[in-house]
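The numbers in the sequence shown follow full-length UniProt numbering, run straight up by one, and end at 256.
Hints in this document: simulated from the structure, not taken from any laboratory.
Incorrect hints may appear among the rest.
[To be verified] Derived Cβ-Cβ restraints for the label pairs, each shown as a range:
#1 Val-213 <-> Asn-169: 36 to 46 angstroms
#2 Asp-230 <-> Trp-83: 30 to 40 angstroms
#3 Lys-80 <-> Arg-236: 28 to 38 angstroms
Quick reminder that beta carbons are idealized off the backbone N, C-alpha and C, glycines included.
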Amino acid sequence: MPEFSPLLTPTIFLFAFAVTLLGGFVKGAVGFAMPLIMISGMGILIPPELVIAGIVFPIVISNALQVARSGFGNAQAALKEHWRYVLVVCVMILVAAQFVRSIPGNVMFIVLGVPVVGLCIIQLIGWRPQITPRWRRPFEWVAGALAGTLGGLAGTWGPPTVLYLLALNTPRTSQMSVQGVIYGLGSVMLLLGHLQSGILNAQTWGFSAALVVPALVGMWLGFRLGDRFDQERFRRVTLWVLVIAGVNLIRRGLMG
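All chains should be modelled from the sequences, with the hints used to inform the complete structure.
In structure tokens:
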């Protein structure tokens, strides 16, 4: 087995492989949560900077597949309607990614854990904001800035994007196309941002590239098996597991 980083033993690498396989499966089955699962799961044993590096290539490749599945024509229409939100998300991902290496390790665990817990609880209680047409434009800028900042620091801007689309009463039939565009372009910005920040470097890119394999295998299994069980119940169980994992990250940050 290649030594991708002196911080990775074969056992820890296999653990990361298994976490990513699970994340890919959930993304294929219900369309969300792969970055959250990878961050909260791998963060149990792996240093935060290496976790952030590890998620980059799997996010880029999986989101490219999501765009391809939704159709490029639909993607173009989604970009035309939501270009303000997409623009500010991409810019803020690039900017926020530059600050990851300046955050102490224990603080980084909190930065990773708090959004995981908060965003999952919001989805569990079913809260959704309501935005009138009058406030749509400022809401797009503010929501995009928050989502992009979270994306640059913690590698996940999917849950804020879902809340954004719900607030605008986006038809369910077009939500997947819009999400595909936002996730796809955002993941490219994440890649560029962490190439610039130094998180993705000669010691970490191999680890991230290797995790593409379990991510794609998991997605394939999710596509094949996702319609064989109650998706809403599976979604809620996944969210509760993420809450527990996120609380553990916060605990590590607070207790050192």
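Status of the hints after comparison with the structure:
1. Val-213 <-> Asn-169: 36 to 46 angstroms: Given a distance of about 39 angstroms, which is inside 36 to 46 angstroms, the answer is holds.
2. Asp-230 <-> Trp-83: 30 to 40 angstroms: The hint (30 to 40 angstroms, Cβ to Cβ) holds, given that Asp-230 and Trp-83 are roughly 37 angstroms apart.
3. Lys-80 <-> Arg-236: 28 to 38 angstroms: holds (34 angstroms)
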